[in-house]
Structures are given as C-alpha cells and as structure tokens.
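Student: Sequences listed follow chains A and B, in order.
Numbered by our numbering, the letters in the first sequence go through residues 1 to 530 in order.
Numbered by our numbering, the letters in the second sequence go through residues 1001 to 1174 in order.
Hints should not be assumed to be uniformly reliable.
[Claimed, not checked] If you want a taste of the chain A side facing chain B, the calculated C-beta under 8 Å gives, among others:
1. R68
2. W188
3. L190
4. P344
5. G348
6. V349
7. D393
8. Q435
9. L454
10. L457
[As the list claims (entries may be wrong)] Counterexamples of contact, computed for chain B against chain A with all Cβ distances above 12 Å:
11. L1042
12. Q1046
13. A1047
14. P1067
15. L1068
16. D1069
17. S1111
18. A1116
19. Y1163
[To be verified] Pulled from the structure, derived: some chain A residues nowhere near chain B, Cβ distances all over 10 Å:
20. S87
21. P141
22. E215
23. A232
24. Q327
Keep in mind that the hints were calculated from the coordinates and are not lab data.
Heads up, the beta-carbon is just placed ideally off N, CA and C, and yes, glycines get one too.
Here is how the chains run, residue by residue.
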Amino acid sequence: MTLPDPIAQGVAAGWRVLDGAAQTQDLQLTCDVLIIGTGAGGGMTAEVLASAGLDVMMVEEGALRTSRDFRLLEAKAYPELYQEAASRKTADKAITILQGRTVGGSTTVNWTSAFRTPPDTLAWWGERYGLQGLNSQAMAPWFDMAEQRLGIADWLADPNPNNSVLERGCQALGLKHGRIRRNVRGCWNLGYCGMGCATNAKQSMLVTTIPGALEHKASLLSRARVERLLLAADGKSVQGATGRLLKADDHSPSARQFNIKARHVVLAAGAIGTPAILLRSGLGDAHVGKRTFLHPVSICGAVMPQRIEPYNGAPQTVYSDHFMHTQPLDGPLGYKLEVPPVHPLLMGVTLPGFGQHMATLMQQLPNLHVMLALLRDGFHPDSLGGQVRLRADGSPELDYPLNDVLWDGVRRSWLTMAELQFAAGARQVQVIHEQAALQSRWKAAREMIGQLALKPLLARLVSAHVMGGAAMSSRPEDGVVDEYGRHWALRNLSVIDGSVFPTSLGANPQLSIYAFALRAAHQLCAALKA
Amino acid sequence: MINIKRRQLIKTGMAGSVVLLAAAWLAAPVDDYPAPLSTMRLDFLQAADGQIIRSLAPVMLGIAGLPLDDVVQGVDRAITKLLPAVQQELRQLFDLLANRWARWWLAGVRSPWAMAQAGELSQFLQRWQNSSLLLLRSAYQALRALINAAWFGNPASWGALGYQQPPQIMGLLP
Ligand SMILES: Cc1cc2nc3c(=O)[nH]c(=O)nc-3n(C[C@H](O)[C@H](O)[C@H](O)COP(=O)(O)OP(=O)(O)OC[C@H]3O[C@@H](n4cnc5c(N)ncnc54)[C@H](O)[C@@H]3O)c2cc1C
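Using the sequences plus the hints, can you model the full thing?
Tutor: Here you go:
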C-alpha cells in the first residue's frame, strides 16, 4: 500500500501551478480576482469564485508542500510550514506565535478543532460594533455550508489518554466540558496534525478548496511574497499587487519580481500578513494593525502516574468552556481549556528551566500531560490587543503589551489547570513559568502560583490564533472593512481572513473564518458577476 | 571595579538596547580565545559561536555525552530559517558572548567558554533567566530555544525520552 497524493496527481494532470523558486524571469500576470494568501480565508474564497467561472489567481508566500513532504518530523515541518520557523514572537518576545506559511496556510498545520463562533461573541459585535447582521441565526447557513464542505462532525473515537485527563479533571470538579468536532475524513488518529497531514485526512484548504479552485482553472503562484498593492493614480482603487519571488530555501528573495494585475484583490494573508501588506502599501489608516488579538495561552504541565503518550492520537478532542461562561464577557478574562499535542521539540522549547530539572521532566515525556488555557482577549475595556507594525526591512512585528488584566487571567488559569490536573490524578504539576517548582500537592501548588512573578519571559505564553487588525465595522470611521470584508475606501479590495474580527472569538477560529469567508465570497461573487 | 562597571552598564541599559550598543562597542576590539578551529560547514555560526554552544548545551540540557557537533549543526540550521532581523539580533548576541570583556562583565563568566566549568555556566544561565532586564531574559530564552530545538528535533534524542513515531505509518512514507 502507498499513500495517495492528490495534489501531485492534480499537478500532473495540468493544474495551473507556478513555483516562484523555479522562475527565471520576472512575472507579469493578469486575472479577474487576485487572492493573496491561501489559508482559511483565501482557500474558501478561491473555490467559491473559481467555481463561478471567475479567473482566479492565488499567491502564496510559502511553498506548495503535499502529503509526500509530511514526514512526522518537527525539525522538518516547522521551518518548511510555519512563519519564522514556528518562532515568530511578539515585540517583547513574551508570546510565541504559531502561524502557517505554506499552501493552505495555517489550516495545513492546524489541530482540527472546529467550533462555531460563540453566540455571545456575535451578540457583542451586534451591540458594540453595530454588526447586527452577523447573529447566530444569520450565520447558521454559512456554518452549515463550511461544515459540510470540510467534513466537520462529531469525533466518535475515544479521546486519547492526554485529552481524557481534562475530561476526568472536569468530572471530578464538576466543571462543564464537552467533546470537540473535527474537520477530518478517514482520520488515522495519529496525532501529527501540526506537521502536516501525511494521510490527507485533515480537510485543510490544501486538500479541499484549493484543489477545488484549481479544478476550475484557477492558478496558484507559490513561493511569492506580496510586498504591496498597486494603487491607481487617483488612489481610489487597487490595480493588483507586486512582490518578490522566493528561492528554493523558501525564505530568501530571488532576484525576480512579480506583478499581477487584477479587477479585484482579496487580502487573505492572515492577521499579521494582511495588515502588513496594507501598511507597506501606504494604506495604514487609524485602524490597520490595531486591536490584533491572540487568545494568549497559558500552560500547565503534569506528570501522570501512567503512560499517556501525549503525542499519539487526535490532538484536541475535549474542551471546557466553564470559565468562559461563568463570568461576564467583558469582566476578568474568561478562558477555554484544551489539551495540545505534545512532541519532543515543542516540549523542549516549552518547558521552563534548564539542566537537571528539565532533563528529568523530558525523560518522562510519555507520562507528560499539558493543558492550555486560551484567554479571551478584546472584550474587557483594558484588553486592547496588540498592534502590527513594520520593521525597517518591511517585515511585520506584533507589539502586544502584557498588562494586569491579562496577567490576572493567566494566574487564575494556572490555578484552574493545576487543580484539574491533580483532580485527574496527576502525580506532579509543573506550571510553565521559569520560577515555578514542580509541585506534588494541590495546596502547595496553589500557594506557589499565588506568588509567581508575572513578567514577560518568566511565564511562557503562546498563541496559534491571530485575529483582528483589519476589523469589520458598520461605519467607515470605525474599522477597515465592512461586514463583507469590503475595504471602506478602496471598493475593489476585500479582506477575507482572520483579521476582520473586531475582538477575539472565545473559540478556536478556523470555522469562524470559513463561515465568514463563505459569506463574503458569495457576496463578492454576485457583485463581480453582476 | 568590574562590578561597578557592570552595574553602570545595566543601569544605562534600562532602555534595553543600550546594553547591546555598549556591548557592540565592547565587542569590537577583543576576541575571546582560543578561537577553536572547526571543520564543520556552518552557514551562520562562526567558530567562536560554535564553542559557546558546545559549552552551554550540556549544562542547558542537563545531559552528558551529547553529540555536540550535531547540536551545533542543529542550532546553525535553525538560525538560517529565521528572519534577517532576528538573525541580526542573534549575531549581536553571539558577538557579545564571544567577547572576553562582555563575557566577564555581562555574563559573569570568567573563564573562556571552552574552559568554563558547569557551575559557572549554570550560574550565568540562571542569572540571565531571572534577570530584571527583559533583554537578558530574552537572550537566555533565545539560547535555550535554539539548543533545545537542535537537540530534541534530532531523532538521536528520542530514545532517552521513550518517544517514537507511530509505526503504523512510518513504513508507508516516501
Ligand atoms: C499549529 C496551529 C494549530 C491550530 N489549531 C487550530 C484548531 O485546532 N482549530 C482552529 O479552529 N484553529 C486552529 N488554528 C488556527 C487556524 O488555523 C487559523 O486561525 C486560520 O487558519 C487562520 O486563517 P487565515 O486565513 O486568517 O490565515 P492563514 O490560514 O494563516 O493563511 C494566511 C496565508 O497567507 C500567507 N501570506 C502571509 N503573508 C503573505 C504575503 N505577503 N504574500 C503572500 N502570502 C502571504 C501565509 O503564508 C499563509 O499561508 C491553529 C493554528 C496553528 C498555527
């Protein structure tokens, strides 16, 4: 038996796929609709527009990698498939940001948890941002459509032992919890989603909408980094985009440039990439790059008495929203509890401390359990998120200052996670903070957590959920785009990706992005065909 | 005398990058010694940087008998995949550490890296890990992340962790 590679087959059958690294000349191209970025937003949009007969071109900074490149190796996957080799950081380096950088974007490497946008988040957008049209009822058909397209359904297999720890802890403490739906078809239950799916079971954009678009004569240019949009002389519309082709190392610019002319341009470069392109194009109005949210994640580890092999099995299948819904949306930050997959490299860079302490923990890898708390940022009046800005060389950087509301959430979440882990039978608990000692009793852990210094780079914070930075608004003066992602000033420019959200979501974002993208893409399609 | 200088540096370094500016000035004239000769092909790291990694890795990882060439190579490979802006910061960091005076004043390590004892190195790491200066904490974290990624990304490290890739698929991969 060999594993099929549908992408290689499609390419062999004549899909219009260009590799920037293979070009020996500058490229001058034209199309109806140029889509910049091929992740959750870009992939969905491409399929809708291409199947309606529009001439679509997708441009992607990362390379086209397929299942035959996915070898379950962190040291290969992170540099090939992630922004900044999975070490992208906020300006003070306190938060590590995971984002995809390959055809399919973050969906190629994500962990397959699928949640609809929480109704209270949508209601809040209606109330606070005048986006009443986006309530749960109005959105339901788009969620349905996305779920059908991507095979999103209940995951019927048992949670792996790693996720079961969260379930047991919730049961012991009487906390509300549930099972997570996933976008997979024929999943092998391996647990290596973060390194690209070698069996093509994960219904990422790489195996669904991008092939769908290519089947409908769309074209794809990979290893091509968009630098800026081409503006019309009067500054009132865009004419396309320009940028540099990259070399076969995926990273350094080659001597070659590209220019793509288009009737309409869709920015789908993700919530750091999209604001960066707007800023480089001189389109940084008062809102661009501002209010960028992360669901900052605090972490707590535990040594379980039994082997749980946290690297094996579907990565995230149990969650608890208990601490999201037991307090006001704009009060102290709520958090969602989940359990990430654990692999050696990721664990090595995540555990605190060094030397003997670290070595002893790492040697217990098969017994290590890790829990995450995703903090819901952007609702509390002091939770303003971060700001995307450009470095001298034009590369983007997110400045996300850590303040008291956030630290308060981090401390409360550590307490919750440690208590849960003990309740689930943990032998020892390790808060992911440089000065946290390994604790074997809940009471001692509680005292210690109460005293941990809350400072950047002592607590380790991460994020895989970048949202905002080009927010939707009901009035031009309040945001960058309207509820369909149409740029308020340049009407042939749309933003269709995670950057349109006015706050964080309070749930893993992929399904929200798919649904909003479908809605925006159908509207755009009708307008372009009219 | 040395302590006063160090405190002055740290004080003037409140704004963070001033420490690096001072260090870059310091780092220019005097190299550490002995600059080891290496036959390894490295893209980013220089011989002196390689020595720093070799000295720090066993202390950082708490593991004796590491294949140090592999770790150095892994760190080098990891750095080549980072943004130019980040590479520049790492260049400054390694230049700083490779400089005799900076090593002495800022890192508090008196012996050249190749001769420094585990205790001295471990104290240095601990000092930067817990420093009140964000800049030194981030320098520690950079070293930590690079060395850990280089080692635990290497299948040679997995046996000791009891980790293996799922056998049901490995034979089917190209
Ligand atoms: C490791 C990981 C695990 C995750 N797990 C989950 C999960 O389980 N459930 C969930 O709901 N969400 C998860 N997410 C988040 C989810 O995948 C993202 O929120 C979503 O994919 C974002 O969609 P997007 O369209 O905004 O951007 P992306 O999907 O990130 O796509 C943006 C694309 O644009 C490209 N790009 C950027 N700049 C340029 C440029 N200048 N020129 C050309 N191309 C450019 C990028 O390379 C990238 O491919 C995870 C993310 C990661 C990284």
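Student: Indicate, hint by hint, whether the structure satisfies it.
Tutor: Quick rundown of the hints versus the structure:
Interface hint at A:R68: satisfied, since its Cβ lies 5 Å from the closest Cβ of chain B, which is below the 8 Å cut-off. The closest approach between the C-beta of A:W188 and any C-beta of chain B is roughly 7 Å, which is under the 8 Å cut-off, so the hint is satisfied. Below 8 Å, beta-carbon pairs count as interface contacts, and A:L190 has one with chain B at about 5 Å; its hint therefore holds. Interface hint status for A:P344: upheld, as the beta-carbon distance to the closest one in chain B is roughly 4 Å, under 8 Å.
Checking A:G348 against chain B: minimum C-beta separation of about 4 Å stays under 8 Å; hint holds. The interface hint given for A:V349 is met, as the beta carbon of that residue sits about 5 Å from the closest beta carbon of chain B, less than 8 Å. With its C-beta approaching chain B no nearer than about 6 Å, A:D393 sits inside the 8 Å limit, and its interface hint holds. Hint status for A:Q435 relative to chain B: holds, with the closest Cβ pair at about 7 Å, below 8 Å.
Look at A:L454: its Cβ only gets to about 13 Å from chain B, farther than 8 Å, so that hint breaks. With 8 Å as the threshold, the beta carbon of A:L457 comes within range of chain B, its nearest partner Cβ sitting at about 4 Å, so the hint holds. Every C-beta of chain A lies more than 12 Å from that of B:L1042, the closest at about 16 Å, which supports listing it as non-interface. With a least CB separation of 20 Å from chain A, B:Q1046 remains clear of the 12 Å interface cut-off, as annotated.
Distance check for B:A1047 against chain A: the nearest CB is about 23 Å away, which clears 12 Å, and the non-interface claim stands. Under the 12 Å C-beta cut-off, the non-interface status given to B:P1067 relative to chain A holds; the minimum distance is some 15 Å. With a cut of 12 Å on Cβ distances, B:L1068 stays outside the contact zone with chain A, its closest approach being about 16 Å. The beta carbon of B:D1069 sits about 16 Å from the closest Cβ of chain A, which is more than 12 Å, so the claim that it is off the interface holds.
Against chain A, the non-interface label of B:S1111 holds: every CB pair exceeds 12 Å, the least being about 19 Å. The claim that B:A1116 lies off the interface holds: its Cβ sits roughly 15 Å from the closest Cβ of chain A, which is beyond the 12 Å cut-off. The beta carbon of B:Y1163 sits about 5 Å from the closest Cβ of chain A, which is not more than 12 Å, so the claim that it is off the interface is violated. Its closest Cβ contact with chain B, about 7 Å, brings A:S87 to no more than 10 Å, contrary to its assignment away from the interface.
Residue placement check: A:P141 keeps its beta carbon more than 10 Å from all beta carbons of chain B (closest about 37 Å). The Cβ of A:E215 sits about 25 Å from the closest Cβ of chain B, beyond the 10 Å cut-off, so the non-interface label holds. No Cβ of chain B comes within 10 Å of the Cβ of A:A232; the nearest lies about 32 Å off, and the non-interface call holds. For A:Q327, the shortest C-beta to C-beta distance to chain B comes to about 31 Å, beyond the 10 Å cut-off, and the non-interface label holds.
Checked against the numbered hints given earlier, the structure breaks hints 9, 19 and 20 and satisfies all the rest.
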